[in-house]
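Asks: Sequence:
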Amino acid sequence: METKPKVTIDDVAKSAGVSKSTVSRIINNVPGVKPVTRFKVNRAIEELGFTPNIMARSLKTKLRRQIALAIDDIRNPYYPELAWAAEQVAKQNNFRLVLINHYGNPSEELAVLKEANDMHVDGIVLLSTSHPKTLTKVIKKAAVPVALIGNYEEDMPADWVGLRENEGYVAMDHLIRIGRRRIAYAGNTTLHRGARYTAYVQSLASHFMEFNRSLVYTGERLAIDTGLEAARYFYHLNEIPDAVFAANDLVAIGVTQGLISLGLRVPEDVAVVGIDNIPWCTLTTPKVSSVSNLVGEMGRIAVERLILRIGDESKAFERITLEPRLIVRESTVKQI
1274 METKPKVTID
1284 DVAKSAGVSK
1294 STVSRIINNV
1304 PGVKPVTRFK
1314 VNRAIEELGF
1324 TPNIMARSLK
1334 TKLRRQIALA
1344 IDDIRNPYYP
1354 ELAWAAEQVA
1364 KQNNFRLVLI
1374 NHYGNPSEEL
1384 AVLKEANDMH
1394 VDGIVLLSTS
1404 HPKTLTKVIK
1414 KAAVPVALIG
1424 NYEEDMPADW
1434 VGLRENEGYV
1444 AMDHLIRIGR
1454 RRIAYAGNTT
1464 LHRGARYTAY
1474 VQSLASHFME
1484 FNRSLVYTGE
1494 RLAIDTGLEA
1504 ARYFYHLNEI
1514 PDAVFAANDL
1524 VAIGVTQGLI
1534 SLGLRVPEDV
1544 AVVGIDNIPW
1554 CTLTTPKVSS
1564 VSNLVGEMGR
1574 IAVERLILRI
1584 GDESKAFERI
1594 TLEPRLIVRE
1604 STVKQI
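Numbering-wise (the working numbering), the sequence shown opens with residue 1274 and increments by one.
Worth flagging that the hints you see were computed from the coordinates, not collected in a lab.
Note that the structure is predicted; figures quoted are calculated from it, not measured.
A few of these clues could be false.
Unchecked claim - Derived EDC-like pairs: lysine to aspartate or glutamate, alpha-carbon spacing no greater than 20 Å straight-line:
#, residue 1, residue 2
1, Lys1607, Glu1591
2, Lys1413, Glu1586
3, Lys1607, Asp1542
4, Lys1413, Glu1381
5, Lys1307, Glu1319
6, Lys1560, Glu1512
7, Lys1406, Asp1446
8, Lys1414, Asp1542
9, Lys1607, Glu1586
10, Lys1387, Asp1428
11, Lys1364, Glu1577
12, Lys1588, Glu1426
13, Lys1414, Glu1603
14, Lys1588, Asp1428
15, Lys1406, Glu1603
16, Lys1287, Glu1319
17, Lys1406, Asp1428
18, Lys1410, Glu1438
19, Lys1607, Asp1446
20, Lys1406, Glu1427
21, Lys1413, Asp1585
22, Lys1279, Glu1320
23, Lys1560, Glu1591
24, Lys1410, Asp1446
25, Lys1406, Asp1391
26, Lys1410, Glu1381
27, Lys1413, Asp1428
28, Lys1307, Asp1585
29, Lys1413, Asp1391
30, Lys1364, Glu1570
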């Protein structure tokens, strides 16, 4: 049986009518190639069945063609959408995505940046919980480019994608607009998610509403169990709240189910809103209102920026902001 000759980069260049170096630039996703040229070369690659030798290419370009995505905890249903979107962009650009959980532990998170070279990655997308000033110092010493999601400080030497407005303000504004005045908070009060607690406190102040420390329930984990515990705590207050702002959707789901199990009606007695807009919000009864922070879009943009940075580290750092979006469901507005 006759074996077909292996398709080479020269064959692709000849078929597309471009130079071999142009084909190489496109294969390696080097910026600056005209879209029409990129299309012609990719079509030739597909028609000829050309398969680039990733390992050989990596050796020549000194790239490992691997990107690390460092997140809090993949068990949270918020993160799979982020990871999926990030991986799609990585694959389209011939990079592999390596997933790392730092579990919201600042020391583990900073270790990811410090040990980047040992992990054999070309760059890191980091969803950070560390204090911005500490993070900035470590990023400046990182061996590879970094793209950040969320936590941010002006002089951070990294591309950044995040929200124009803290989701907490959107959630609180919604509760106040529907007439709730005794609003409780369930979550934590520390960094990263602590920004949502800050939004809670500041929203009360800006609407001339009294801050009552007894309406704050702090849990160690942002999980359904924490929401259930918060519901029991609020239920046994002398005067129960008429609304609960939860630091994330898992807590919001726990609060909602906990209140219902105690005989309260949601939203008639207590309205509940969360943050992240995870798929589980639509699977509960009642469905849970939430603020979407466009996590998939943030993951996609962060990887795109990182790959461009890997190709040209001299580029100016970019700050990209998205608008959070309120999704109103049955836990805050009774559906007719």
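Asks: Hints broken by the structure, by number, lowest first?
Replies: 1, 6, 7, 8, 9, 13, 15, 18, 23, 24, 25
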